[in-house]
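Based on these hints, arrange chain B on the given structure of chain A.
2 protein chains.
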Amino acid sequence: MLIAAFALAFSGAAAEAPRPPAEIVAEAPASDWRALDPENTLYIDLEDGGRVVVELLPALAPEHVAQVKTLAREGYYDGLDFYRVIDGFVAQGGDTNADDPKTRKSLGSAKPQLTAEFDAPVTDDPPFTPLGDADGFAAETGFVKGFPAARDAAAKREWLVHCYGAFAFGRNDGADTASTEFYVTLAPQRYLDRNLSVFGAVRQGMQYLQGLPRGDAAGGIISEPEKRAKFTIRVAADVPQAERTPLQVMKTTSASFRELIEARRNRPEAFFKFRPDHTDVCAVGVPVRPEE
Amino acid sequence: MLIAAFALAFSGAAAEAPRPPAEIVAEAPASDWRALDPENTLYIDLEDGGRVVVELLPALAPEHVAQVKTLAREGYYDGLDFYRVIDGFVAQGGDTNADDPKTRKSLGSAKPQLTAEFDAPVTDDPPFTPLGDADGFAAETGFVKGFPAARDAAAKREWLVHCYGAFAFGRNDGADTASTEFYVTLAPQRYLDRNLSVFGAVRQGMQYLQGLPRGDAAGGIISEPEKRAKFTIRVAADVPQAERTPLQVMKTTSASFRELIEARRNRPEAFFKFRPDHTDVCAVGVPVRPEE
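Here the protein sequences line up with chains A and B, keeping their order.
Using this note's numbering, read the first sequence as starting at 1 and increasing by one per residue.
Using this note's numbering, read the second sequence as starting at 1 and increasing by one per residue.
So that you can see chain A by itself, here it is in the shape it has in the complex (with noise of 0.2 Å):
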């Protein structure tokens, strides 16, 4: 009943037969892609070799992006380690004495404690692209400026959701406790929306988070200090230019995007034999690729 529901809705079309996820990617025009912007990228460099690159989005949490910006800038970063990291779940950052102000590392100039900025009034800039499928998590998902995003239109607000690479404070019980450490999520946490302030995504390397070690004691702390992979955060435009990975993003408002989310509803390739007419906000992928 499915699969007749699909042919009928592609019956119209016959003349053009709906492309693969490959093919709309690699022939989207170039007018469908952005680059990054150094000023709201950042580089987690790893000590034995491997960057993540985050891109940030100041829209929706302003004050998280101004306080992660401000702490890279200062060096707050430098030296620090990912501490905790458990399969599938998440890598996390920072500084572990961070919640005794007597042996936490010097603030610098950043705040002591952010509000929260667990979801936004819904705006028009930048816009929301809407899915188009149900979500069990949210009244409706979408993309906001290439991130995974939800809205509630009735309550009129918005946020960024927990797919996979998502970057986000952490925080203690208190709502407003987020300072400084950081997390990047493993696999999907959708149960986290809107109880952390998600403000980025990872644009490539999750890799090497994906290959750091694993916590081995409780709340997935990685008992050994010298076990942890160290690293350096930097904002992009304060890289020199030689150093920096230009990448670019696909438009999630490109007429290129729709497509692709359609054949990843519908995935019209020969070896898809049952296809449920279906996709989630954490099965689209933005695409990324090196900038020309």
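Note that identical chains are pooled: a pair holds if it fits in a single copy or bridges any two copies.
With a straight-line cut-off of 27 Å between C-alpha atoms, the simulated DSSO-like cross-links for lysine-lysine are:
| no. | residue 1 | residue 2 |
| --- | --- | --- |
| 1 | Lys273 | Lys156 |
| 2 | Lys230 | Lys102 |
| 3 | Lys111 | Lys273 |
| 4 | Lys227 | Lys105 |
| 5 | Lys105 | Lys230 |
Quick caveat, the hints were computed from the structure, so don't treat them as lab data.
Predicted model only: the values in this text are computed from it and were never measured.
Same frame as chain A, but now just chain B:
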């Protein structure tokens, strides 16, 4: 409104506060756990160290389980490697010449092609434990003997789904073309459900697969053979007792597991400020622990 609904759901049990997941798992009685059956457990041992423990479920895909055990027992996989690894998608292992009867490794007494076992008739043996939440990819999701699964009661079919760590055979365009190559999902890939025969799940060692070198060539292939991670695969029953990895899996028919689903859905911990009153078949996680 969702939070109000959550409070209401527990108003009849005011004396007994809902327990968080960690507590449910820690306090589950011995009778709510089962040991892995060595006859239906594979050890994928990587040449450079690290054991991936895979539990097989013969009930829904008996031909695939029989085939992988025959291949493992005849040493077919020993010395082969993970030659296709795509971050956030799959790690695939086997013989790169598997499609060419002239150059492929001898299949021994294994079959050259398997009839697809994408799904199976609904039976009560083993029983299906419904999750109870809506799902976009299937009519209904739940668990069959510790494996995330789905079913279509109207069509009377059930199948294992592609959550994190699903173990399945790859195939070519034809439905009945699987033979020896296997993959493990490095993130949920629900769109593959009913398109490939899932017949196992990784119970321990995902970090070794996440740490594999990624493909650099088209289709995620690792172009330099010497960079591919070699392995052996053995059936646990054939491994001397002292070299086994004895694990227990929480029974998904148990009261502890039903309570765990509820805790994943409602997140009773004080940490959570927003509760979607929803969970997903891939977000529950089936607890595993060392045998005591």
